[in-house]
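J.: Work out the full structure: start from the sequences and follow the hints.
Top to bottom, those sequences are chains H and E.
Going by the working numbering, the first residue of the first sequence is number 4, and it counts up by one from there.
Going by the working numbering, the first residue of the second sequence is number 32, and it counts up by one from there.
Warning: the hint list may mix true and false statements.
[As the list claims (entries may be wrong)] Straight-line alpha carbon distances no greater than 30 Å define the calculated DSBU-like cross-link-like pairs of lysine-lysine that follow:
| no. | chain 1 | residue 1 | chain 2 | residue 2 |
| --- | --- | --- | --- | --- |
| 1 | E | Lys61 | H | Lys103 |
| 2 | E | Lys121 | H | Lys103 |
| 3 | H | Lys103 | E | Lys159 |
| 4 | E | Lys128 | H | Lys103 |
| 5 | E | Lys113 | H | Lys103 |
| 6 | H | Lys103 | E | Lys116 |
FYI, nobody ran anything at the bench for these hints, they're computed from the structure.
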Amino acid sequence: MTDKIDKAPGPAAAQTPYEDIRAIPVRRYGRWVSGVVVVVLLGWLVYAFSQGNVMWGTVGDKLFDSSVLTGLWHTVLISVTAMLLGLVLGVLFAVMRLSKNPVTGAVAWLYIWFFRGTPVYVQLLMWFNLALIFQYLNLGPIYKNEMVDVMTPFVVALLGLGLNEGAYMAEIVRAGIQSVDEGQTEASHALGMTAGQTMRRVVLPQAMRVIIPPTGNEFINMLKTSSLVSVVQYVDLLRATSNIGANSGAVMEMLFVASAWYLILTSIFSVGQYYLERRFARGSLRSLPPTPWQRIKANLGTLRRPEVAR
Amino acid sequence: MTDFSKGAGSQPMVKAEGVHKSFGLAHILKGIDLEVAPREVFCLIGPSGSGKSTFLRCINHLEKINSGRLSVDGELVGYRQKGDKLYELKDREVAAKRRDIGMVFQRFNLFPHMTALENVMEAPVMVKRESKAVARERAQRLLDRVGLADKAQNYPSQLSGGQQQRVAIARALAMEPKLMLFDEPTSALDPELVGDVLDVMRGLAEDGMTMVVVTHEMGFAREVGDALVFMDDGVVVEAGNPRDVLTNPQHDRTRSFLSKVL
Ligand SMILES: Nc1ncnc2c1ncn2[C@@H]1O[C@H](COP(=O)(O)OP(=O)(O)OP(=O)(O)O)[C@@H](O)[C@H]1O
Ligand SMILES: [Mg+2]
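T.: Take a look at the structure:
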């Protein structure tokens, strides 16, 4: 019955030759005008910089200057360690915030309230000046030292950035945990897993999918925010380049050098984030999207065998 | 195949005496009394909201009962009795007791970030500290048993509802439980997928597994069930042999419920 209907138009339709519609396309003058305006503005900008009093040679020379590279390393080091501290604190305070114990819940709330509610710049200065109010760090019989010795620029920077980050991460992790269906916890408990095992093996891996994208943003922010640590005498990328700039008079040139490195760092980590997100998407998508590299290979394949693509 | 009749002593596998459960002011279970014998397939039917799921969840202490006594294989659920005093069990002890009770949910609740095989291996490895090789071997065997040997490497999102539910059954069986709880295991399935899941359950029943099954599948209850309870509004209205209750209900409420679902 149905195959009659199906067969009739099938092959016939494929054979019918057709003629392309010939019509005068709409003239989109607006697009042309705006395109020209943007190109002119860009050209003007490039021209201005080429005519400006910029020693481009210095930018190239100083890009790999040893003190710049040391500063770069310090920026990466402080960003990564502060982010790790933030992650650990974030998970800890998120779990505390969600726990049934009202005391831990309140403590977590207080922590987030303070560290998210005050500028990180102010927090850095407070850690830096802690010795003004506590002369010694006294942990009873375990440890005692003068505060100025404990609070090296690195420690100050780590505490300042890490504790601030922890407050933001706590909220991100909490949202991630709450996004996981309650049935998952139930199924896990029903199998005899403890609360800790359930969190580690079932809830957090699923929460990751929600946690990672904003965490990537946090990390890129951290790379840039870490430039504040120069106020606490930590010689990061910005401080290292500014030092050279101040001594040689090449102020703008050295800021270009710093910007170039910041751009390179953030670009590298954006790529890393893409692969991380892909890894934690396992199971939530029927098939994972191809990596850019796989996409290139696939395209090369079709280029070589165009008949397959048709 | 496998003999599941563990600890098949004379005492009931599940015994409920005057079990009450409230959520805040809502009184959900109003004095449930029932006994499930070892190797028995015990079916629980009743209208939506009558408290069937709640009772099932009390059996493995996902919910705490407010009053009465509930025991599994002779041991109180969630408490330990010393003299005439009751002591609440620690979280760890509650978890340990749940190992012996498998549960299958209406919405499967498979772990979406693990493959079918990993889902089945997870609890034996994490809870029983079994070696991965042993756990994997058993998981393969169980997936084979539920007819999914070739889907071991699939993630839940790549399986049909019926296949997911059969993986969920395999996952519960991996802990070698002495009691299996099923909460409407086929209600979320397309009609043509129901049969596969019921077949697996029928196989379990033949191998002597003690099962408490909340279901709307009256055919299954009649063929496989050894006992049936009709619950309404938090009380047991009628209990008995499934064939008797389904064909010749004694209470009006049972009759009107059956007339709607049959
Ligand atoms: N955690 C909870 N908090 C408050 N009320 C609850 C909770 N769990 C269940 N209830 C209530 O208890 C009653 C019984 O629920 P239950 O899930 O046991 O019903 P059921 O018999 O399984 O129904 P169904 O056939 O629809 O699954 C319902 O009115 C429900 O709203
Ligand atoms: Mg229910």
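J.: Which hint numbers does the structure go against, in order from smallest to largest?
T.: No hint contradicted; all consistent.
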